[in-house]
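Trainee: Chain by chain, the residues run as shown.
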Amino acid sequence: MLEIRFHGRGGQGAVTSAELLAQAAIEEGKYARAFPSFGPERRGAPVSAFCRIDDKPVTLRTSIDSPDVVVVLDPSLFNAVDVTRGLKKDGFLVINTKKESKQFMFEGLKQLAAVNATQIAQEILNRPITNTVLLGALIRLMPIVKVDSLISAVQTRFSGKIANLNVQALERAYQETQVLSNNGEQTLELVSPKNEFAGKEKVGKAAKEDLDYLWTELSPGCVVQPGSSRDNHTGDWRSCLPVIQKERCIQCGLCWAFCPDAAQVQKPDGYFSVDLDYCKGCGICAMECPTGAIHMEKELEL
Amino acid sequence: MAKRAGMEVSIAAAEAVKQANVDVIAAYPITPQTHIVEKLSEFVADGQLDAEYVTVESEHSAMSVCIGSQASGARTFTSTSSQGLALMSELVPIASALRLPMVMLLVNRSLSGPLSIWNDHSDVMSIRDSGCIQMFVKNGQEVYDHVFIAYRIAEKQNVLLPVIINMDGFILSHTFEPVELMSSDELKGYVPPYEPKYTLHPDHPLTMGAYATPALYTEAKKAHDEVLKASYPSILEGWESWGQLSGRHYRPVEELFCQDADTIIVSMGSLSETAAEAVKLMRQQGQKVGLLELRLWRPFPFEEFSRAAAGAQRLVVMDRAVSSGGPGGPVASEIRSALYGIKNPPQVDSYIIGLGGRNVTIQDYVKMIEGEKTDLIPEANAASGSSYEIFGARG
Ligand code: SF4
Ligand code: SF4
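If you read the sequences in order, they're chains A and B. Quick note on our numbering: the first sequence kicks off at 1 and runs consecutively. Quick note on our numbering: the second sequence kicks off at 1 and runs consecutively.
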């Protein structure tokens, strides 16, 4: 059985990726199951999806904690989520990056497939929806299903022009994907803040995937003391970020007043800057700024 | 000095709530709870009780107000019945999960339908698993006493759980009988000032009622379950110190002639007094029967119960609610579980009686003890322990 975990942001189509792959496998007469991580969905928030493929019926319904393959749809996720958590030794990683792919290799990884999926998606689909692009990269890395089956799955799911464009995106990704194999050369660590903690006992009680309190540690009524957002950086939902042009700013403070997350902070010189630990990228400040000093930029690799 | 007076039990209940010095009352009137909350609103309006009486538009709002006021540190009281509880029931497990030690007088009334305003226990059974401390009382004196006892237990730092006192609608609430009212001097100190663990206050922000992902929900439930079970000694302490104060002693399980009894009848709430008369009558006739009255419903007093019941050959369990298509009345099936695994357990006969206000007479108890079948439905599978009888249903 092959277990694949997809990481994306709400709206990028991680769930669709998993389902398309399963669909292609089922069409080929294999057995497959695809499902999302269940929970509240927010556009832009980190989400994951799972796909299991086998020659025998797939019976498991549990989330995939030690995948054979991890597919990362959004480059900014490396800073927000421990995407390679539990990845099997000699596992595979498929990423969307415009950077030099070599720096994403790490020890224990067998092969890495890298593609500038955001660029391909923007150019062909005119939107940064990278799911079909990454599927092209995935089957370039390992022929889990035939390209034709995947194309047929895409055509079943989408219709008309959208289907054609997605097929184009998939085929182009298949061509442009770079595959690196671990040949024992010196490799760099995966750029992920979580990796700093790899091997350490705990990442901090409130880190989102580490809510490992014992029942005896819970306060009566599960009361949460103030200040929990100090540990819980909610800015990882963001898919866009505000950029302030100082020259245009008149220091009126409207961005500060309107920001629903108190993420605009006034500096001693009177200008405002954005606290990226908490900014959700909602764009309200850009909307409210009377001089147009703020514009929103796509969050890619920081 | 305690003062003995004749009064309607609902009025005695309201007197107790007044004397317990509550800060907030939020309730919506519903038969047969009405007299309690009417009297309380009078006390507040007349300045006899310095509390906020919040008139709400529904029981859902009543419980919401109670949660908010208790969370802000106010001693809170509510009361409801039947459909009112059903409307409230979305919030009851939240009150207990937030560890808010409010007290509720649940004036038991059957759930519709058919529409019925009369008494049985179908309402309380619907919130059996809400994580609150739940007890039954059988007369006006016990209602009065248990308001104080409930606050003392609920507000203990190691408890902090809502307490629900079940009193039968009409049979108790609308009966005029003697009750001994305590003077405020006598009560002094029995319910110490409420010291909340956490309060909602603008100057000291904190979060109550945050959501729990799958990573935390199980631990939260485990913690709640453990604190409810661990409240048992505190409940005993509440009764013991009340006994010292008033001379009236209460136990999780009350026994009458159980020690040498072959057959024990098990009851809850107001049935117990009439049942006691039936047992005394049969004793006079030389039959070895006893009565076991279940006062504490949650946490269930497993140990005390099986100790008291172990010697009998047969238990006749009276339920006032139907678990339709299930293993028997809710109390009987619980008792079958409580006895499972003990050596030579008594046979448990499940009788469902007194539904929707149906009168239960001394003769009825005698018939049940004698094992009379009335509903003409052949015993489906007696050996499986899943049989029960809806006693007195004409057919
Ligand atoms: S984008 Fe939204 S959250 Fe971020 S600083 Fe602007 S208003 Fe605040
Ligand atoms: S709203 Fe615009 S002009 Fe006003 S302080 Fe913010 S950035 Fe400057």
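Any given hint could be a false lead.
What the hints assert, rightly or not - DSBU-like mimics (lysine-lysine), calculated; alpha carbons at most 35 Å apart, straight line:
id, chain 1, residue 1, chain 2, residue 2
1, A, 88, B, 221
2, A, 56, A, 88
3, A, 99, A, 267
4, B, 222, A, 88
5, A, 267, A, 102
6, A, 246, A, 88
Stated by the list, open to error - To give a feel for the contact side, a few chain B residues facing chain A, derived at Cβ under 10 Å:
id, residue
7, 6
8, 205
9, 215
10, 223
11, 224
12, 280
13, 284
14, 288
No lab work stands behind these hints, which were simulated from the structure alone. Note that beta-carbon positions come from the ideal geometry of N, C-alpha and C, so glycine has one too.
Trainee: For every hint, state whether the structure bears it out.
Mentor: Hints and how they fare:
1. A:88 x B:221: Within the cut-off at roughly 33 Å; holds.
2. A:56 x A:88: Holds: residue 56 (chain A) and residue 88 (chain A) sit about 21 Å apart, inside 35 Å.
3. A:99 x A:267: holds, 33 Å
4. B:222 x A:88: Holds, at roughly 33 Å.
5. A:267 x A:102: violated, 39 Å
6. A:246 x A:88: This hinted pair is violated, its Cα atoms lying about 47 Å apart.
7. 6: violated, 42 Å
8. 205: OK, holds: residue 205 (chain B) within 10 Å of chain A, min 5 Å.
9. 215: holds, 4 Å
10. 223: holds, 4 Å
11. 224: holds, 9 Å
12. 280: violated, 46 Å
13. 284: violated, 52 Å
14. 288: At 46 Å from the nearest chain A Cβ, residue 288 (chain B) fails the 10 Å test, so the hint is violated.
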